[in-house]
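Participant: Sequences and hints are given; from them, build the entire structure.
Spelled out, the chains give:
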Amino acid sequence: MSFAWAKQYEPKTPFTKWMDEKLPLPRLVYSAVGAGYPVPRNLNYMWNFGVLAGFCLVLQIVTGVVLAMHYASNTEVAFAQTEHIMRNVSYGWMMRYAHANGASFFFIVIYLHIFRGFYFSSYKAPREMIWLLGVVIFLLMMATAFMGYVLPWGQMSFWGAKVITGLFGAIPLVGETLQTWLVGGFAPNDSTLNRFFSLHFLLPFVIAGVVILHIWALHIPGSSNPTGVEVKKESDTVPFHPYYTSKDGFGLGVFLILFTFMVFFLPNTLGHPDNYIEANPLSTPAHIVPEWYFLPFYAILRAFTGDLALFGVTLVPAKLLGVIGMFGSILVWFFLPWLDKSPVRSGNYRPLFKKFFWFGLVPTMIILTICGGLPAEEPYVVLSQIATAYYFLHFLVILPIVSQIEIPKPLPFSITEAVLGKDDDGAAQPAE
Amino acid sequence: MTIRLGGIIVGLGLTAVLLLWSLLPGVLNFALPEKPDYYAFQEENIAPEEGFSFEGPVGTWDVAQLQRGYQVYKEVCAACHSLKYVAFRNLEELAYTEAEVRAEAAAWTVPGINPETGETTTRPGLPTDQFPSPYQNDVAARAANNNAIPPDLSLMTKARKDGTNYVYSLMMGYVDPDPADQALSPEFETPEGLYFNEHFYNINIAMAPQLTPDRVSYSDGTEASVENMAADIAAFLTWTAEPSLVERKQTGWFVIGFLLFATFLAFLSYKQIWAGMKPKKK
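Those sequence lines, one after another, are chains C and Z.
Using our numbering, read the first sequence as starting at 1 and increasing by one per residue.
Using our numbering, read the second sequence as starting at 1 and increasing by one per residue.
No lab work stands behind these hints: they were computed from the structure.
Note that the coordinates shown come from a computational prediction; the quantities given were computed from them, not determined experimentally.
Positions of the beta carbon are idealized from the N, C-alpha and C atoms, including for glycine.
Heads up, none of these hints are tricks.
So these bits of chain C aren't anywhere near chain Z, every CB distance computed over 10 Å:
#1 Phe55
#2 Ile108
#3 Leu140
#4 Phe146
#5 Val163
#6 Thr284
Dumping the calculated BS3-like pairs for lysine-lysine here, alpha-carbon to alpha-carbon at most 27 Å:
#7 Z:Lys74 - Z:Lys161
#8 C:Lys232 - Z:Lys271
#9 C:Lys7 - C:Lys422
#10 C:Lys233 - Z:Lys271
#11 Z:Lys84 - Z:Lys74
#12 Z:Lys74 - Z:Lys158
#13 C:Lys422 - C:Lys233
#14 Z:Lys161 - Z:Lys84
#15 Z:Lys158 - C:Lys162
#16 Z:Lys271 - C:Lys7
#17 C:Lys355 - C:Lys409
#18 C:Lys233 - C:Lys409
#19 Z:Lys161 - C:Lys162
#20 C:Lys409 - C:Lys354
#21 Z:Lys271 - C:Lys422
#22 C:Lys341 - C:Lys354
Facilitator: Written out as structure tokens, the structure is:
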């Protein structure tokens, strides 16, 4: 894996030598996240979010397993059981708030990680597989988070589940049958809650598996970097440990300060008050909104308000268009490595791309997030329609065209040059 | 190449569908929804002048206020509203002694089973019991309250936006409709059996005004004004919704203090490790 100059693990004690022969697990760790993994020396703080995302996954699994010990997935008692965790379980409130806010922070981290990928074109060859696996992880995260939000069995749990499972009903011919089969009934019920709990417990471990593949795929070409220039020689890299373990340690500290601030001082700010009302299938909340991290996609879903009709014949109903738009908005990420063919990776050296990123994609996502949380009234509907249109144009039309016509800025010769301002090109590098 | 061409076609197609069939009709009908002439609902909550003791990052319970709020709950609210997630034993957190809690619990009647016959009966409460519901079931609750079920109050302040102030506002919201608004909509009237409340989302609420001056008599000499009782019950219901609120904030200070220190150390070690690697600033 990775580079010829990567340091090799050398067991020193009799025990580690014995271990290395029988099961070279320390060697694997050493080469994966230790001193044996050479990493570009010029990574900025945007490269902290991979490790942070891994931390979030572990945090969610640990808090989630503890919560599962006290929870009961039965519609008769789920809400009361959640309150039991909040009131009677020792530090149960802390576990639950850490888990609920942990989901939010996991998504904050993952969005920054994804947008880092957009800006620095981390999806480009030779890293397509890392990107594809990343999109798979994101889809799994969305499914997991959605099902987790159903478990407390509050009003938003129930009605959110009803709206989202209802989306499958939009599929022509088989939709309604499929929906009934997925839900285990005609509306969310005890069967739904049970299977959601089961899957909510299972999927994080599936995510962990795909994360291992994601990291494995990363170690073949090695990490990308802010210049987008590939590693050429040893002076371009530093060992992951201690250089990036120390930097990630600092990043983790900053992350934890922000995270614990939310957990201990504003634990319900990112949630919705209606979810402290027990689910009632007979009473619809005034506004059904998903968790904040789904809002951009919810806005895209709702942007399609008109049936596609020609001469009075409905070809595609609006609901199906919305579902296609919503799933398409993420599926399009799978094609990114082939849509953007610019040979330059980093947005820093792509003046036109950079403008579309900062003044097109980023504001579009912000508008979609805001509009997704507001009631479907004017002018928010028109705004989210324009933003949705731009969203698809950005990935499917603007990126391919920009990559054809753009004249990139000159790239540094190497990472060493980018960092030190000079690189004795070709001259033999004296060992440091 | 094929993917890019396909992408452009799909992208333009999807956008065209969106703009032609969704945006265009929307824009053609574009008109901001007109605000009704008469809109008495006060979405913005009001708060007691001096606020609540538990607000802010260092706020703590005002135990005397919580005790007064409990008294209001017991003597006024409990006639119709349950508090099913709170147990009598929790009252020890309000500085009642174990014996007082035992006596307090015994003063309530909870559903039980006759050990001789197995028939359902009632018995005095124990500290481990939860606050009982005043009604046998939802049907009885509806029948007694003009078809509206009085909601359980355990989580009320978390189940509403800005919940503590919402409870206070609702208690203070029984006013007469503004004559100016009424003049704009002369046909408006509060239906029989409902009561006008400007802080309730549909203006007319099934709960009659409860807090009248001196409805309870406080033993600590606090004046039993509507404002005081409203603030006390709002504080008490904040405690019932989140008994760990103060403990949570205090733990938070400790945790964040530790993390600030640990992060500072992490920063120093990061800087030390990288000291030789970063180019000198010119």
